[in-house]
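A.B. asks: Whole structure, please, built from the sequences with the hints as guidance.
Sequence order for the protein chains is P and U.
Residue 345 in the working numbering is what sits at position 345 of the first sequence, and the numbering runs on without skipping anything.
Position in the second sequence (from 1) plus 1000 gives the number in the working numbering.
Just the calculated beta-carbon pair ranges, DEER-fashion: (1) P:Arg140 with U:Thr1175: 35 to 45 Å; (2) U:Glu1197 with P:Ala256: 55 to 65 Å; (3) P:Pro221 with U:Asp1324: 30 to 40 Å; (4) U:His1063 with P:Gln435: 25 to 35 Å.
FYI, nobody ran anything at the bench for these hints, they're computed from the structure.
Cβ atoms here follow ideal geometry from the backbone N, Cα and C, with glycine treated the same way.
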Amino acid sequence: MGAGATGLGAAWDLMLRGVPVTVVDQGDLAHGTSGRFHGLLHSGARYVLTDTVAAGQCQTENLCLRRIAASYIEDTGGLFAAPPEVPDRLIDKWKQGCQAVHIPVAASVAVEGLNSRWSRAFSVNDGVINGYPLLQALARGVESGGGRVLTHTRLVGAAQVNGKIRKVILESAQGTQELAVDAVVNAAGPWAGEVAALWGDPLPLTLSRGVMVLFSHRHQPQVINRLDMPGDGDILVPHDHISIWGTTDRETDLPAAPSPDIQEVFELMERGQEMFPDMGQWRVLRAFTGVRPLYRAPGSGSTPTRDISRDFVVVEHPLSGAFSVIGGKWTTFRLMAQQVADRVAGYLHYSTACQTQDHPLPPRVEGVGAGGHAEPLLCECERVSSRQIQHYSGCSLTDLRTRTWFGMGPCQGTFCGHRVAAWQSHQLGIDQSDQELLKFRKERERGMLSALWGDNAVEWLLQRNIRFQGLGEPPK
Amino acid sequence: MSREWVVVGKGPSGLLSASLLLDAGYNVTVVSHGQGSFPLWSGTLDFYSVDHKLRPVTHPEDHRDVLSRYLSYDQWLSGWDTWRQILAGIGVETQVDVMAANLLSPTATGVLYPRYVVPNWQYACRIPEPVTVVSWHGIADLDLESWTARYQLSSGLEAQARYRPAPGNWSPRWTALHWAGFFDTEVGMDWLMHDLEQALVGTDAQNPLLLPQVIGIRHTEQLLNRLSLALGRKVKEIPLVAPALGGIRIQERWQKFLVRQGVRLLTGEAIRISNDGVWLTDGRVLAGRTVLATGGVLGGGLRVNWDHTVTNTATGETILWSGDPEDLPLLSIARDSSNYDVVGRSSGRWNGDLHGGAGQVLGSVLKWWHSVQQEVSLAK
Ligand SMILES: Cc1cc2nc3c(=O)[nH]c(=O)nc-3n(C[C@H](O)[C@H](O)[C@H](O)COP(=O)(O)OP(=O)(O)OC[C@H]3O[C@@H](n4cnc5c(N)ncnc54)[C@H](O)[C@@H]3O)c2cc1C
Ligand SMILES: Cc1cc2nc3c(=O)[nH]c(=O)nc-3n(C[C@H](O)[C@H](O)[C@H](O)COP(=O)(O)OP(=O)(O)OC[C@H]3O[C@@H](n4cnc5c(N)ncnc54)[C@H](O)[C@@H]3O)c2cc1C
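C.D. replies: This is the structure we're talking about:
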């Protein structure tokens, strides 16, 4: 359960071993943290000073993902630049740490735009993960192997017979259903604690939120990291034509991602301008948060969240057949999947070994309707045509957005929200599509309002004028 | 008093101020760093369209209490007349309700929205009536299926819709401007006439015919008249989003008119205002008394910085903002002690999204104009 990187990865792994699988998620693919992350394919260099295990795992998995998921990885390379206050001996320690886990490090020249005093710079093999397409590929892979992926389906209970899990209870818009199972993998990310409680064994999870700021240009061709002990505001990741700056680490109560705290955004921007003095003038798009599920090993007391290991754990619950996998990174999802799948396969007496190290993921599907007939573009920023929208008819606007990427560009849906909603209304009717549009507007606004400055503030006001004066959209 | 005036901004409030100054015989320079908001909306002038509970307002007069904070109701009414006359002077005829009520005009999504002054090319009615709508493949803002459904929902009346193939030279790159440019040509007009004749077969000739707002830029009125005569029914437009032909037509005509009357129209960005005049980024100084029609945050007259400080771009002054997004459209740069006047969205204190953008433009410009005239008569 969980259609994030870990859950879909586990399903893919089990499917390749011949185990029939079903994936359920309360939302669409990437509803959780896997859709709200920084996008960095870690080389591991960020963790060598604090967490050698995680660093080594990242490096190994980094190389593995480049093999099996090449079309979902952008080989940008990464730079670590040290601010002037970092002593040389820390840099030496960092280099030794990299060496110990085989991270290739090379001296580098500083890059344009970066604070000129951050001249001690090194390149590593960081990269960028295209999260959504990669998850979609995993889901396609699972389905083409006979597995099922049930989105918008929530797990609400489990039933046992003689101490073994036998059934899970699922809730969706179609009602409640029971699904017979022999084993369950709880890959519910930040919700994993709640889910394990369904079979009476809640997990000692600590949740930590991180805020990220999205800029509408690709300011650097590579990932830029601060070379120092890990802290807030350390990493700039280029993603296609945009950049993501982050992040923070604050303990948080709820698994659902909260709206960014504006004070946290300010602090992040202050840190950012240490690194890139003109970041305050960059065209900002929005800010968003993600929530990390961190496993607090029993006995680790009250360590601050940043110091909890980014390593992961696999838990076998007292209820036979129930497993949880928690923690880790996007970068290490395959390894996490492998380890939990090993346990599940063992429990179910499947002897096939893990296949995922060498099995390439299904290839990328090229944009629906690209070329051929001339179709009007509904979303001009991201070039989404009516044909692509039609292809996903029946989806909610939010799912349409993450599947086609409409409404994600600089205008944040100002010029395309009503167009896509109109198409959708052919199926849903006016009332429901109006509600969908309002939900879409609120979601876009939440991100825009969290970074309300510069041209983004102008854009937000323009959006309101178009909605309320131009189109007569209901504001509530 | 100085005969020289500098208007910063060429949105509706800048152009209106310039026209009033021109009429009174002043020398006027208009300087702006961008287009202003006209190309972003259709140019229907809203007075008081929805109340605080967001219900459509039929009679703005019912909200005298709010409106009188700016002008007396009679001043409002004569102000609208002035504005209509100025528009007529630049070649844009408008319609209003004789009882000073709001008209109803459907938006691109089919919502019947209250509007006060509507250019003649745009469809508006006092009470809803059945309509016929024709649109073409490729006009993404106007989706006829959902438009008719929503029109029926908001009016309780039928809308007949005909969705037609695009002309042969259409490409997905066409914006409203391409369509309008095409219809401004002979070939385009012939295609349109022919296509509509076919499209209207079997539709009710009593109904007004509504088309997307792409019927030419220069020749709109002639085109609509010709269509109306040939097809034997009223032919009007439904405004789209942006680029918005209605606003573009108004702005083009207004600018041309002002320039012909001797107004200097410059492109430039104001960064400082002193007793000498307005300083531009490129070093030019424009001498004269200054009125800022800089459009607040949306128009570029105010800049929100990353740390939520706000700057008046034309002067460099800092403006206080609570940090609440809802207060952003209300920010005002007007100061009693300053050596410039302020009109339009930059004068703040009015939420155009609720109460009509043009209401703010008119109210603030007239208020400023009355004070200028008072000063003049005092000086005399
Ligand atoms: C701010 C931030 C930045 C990060 N940046 C990076 C990075 O740059 N590189 C990197 O490698 N890692 C990064 N990470 C870590 C990485 O994103 C996570 O470790 C990873 O996404 C976790 O994936 P997951 O599948 O375990 O959890 P999730 O993606 O959260 O998946 C859990 C899923 O379970 C579903 N679910 C929960 N409860 C139920 C239920 N009852 N019924 C049905 N479904 C349910 C949820 O809807 C969700 O989709 C970052 C994390 C954060 C917070
Ligand atoms: C999408 C949209 C839809 C609308 N719909 C309606 C409607 O249906 N009905 C209605 O009545 N009203 C509508 N309006 C009008 C709106 O609500 C405002 O009333 C109107 O736009 C305000 O005009 P303005 O002249 O004050 O500012 P703007 O039109 O924004 O003009 C500002 C001008 O100032 C210039 N400027 C700013 N700073 C500087 C500087 N430092 N130096 C030089 N130049 C500068 C800019 O370049 C621009 O020319 C709409 C507006 C928009 C944007």
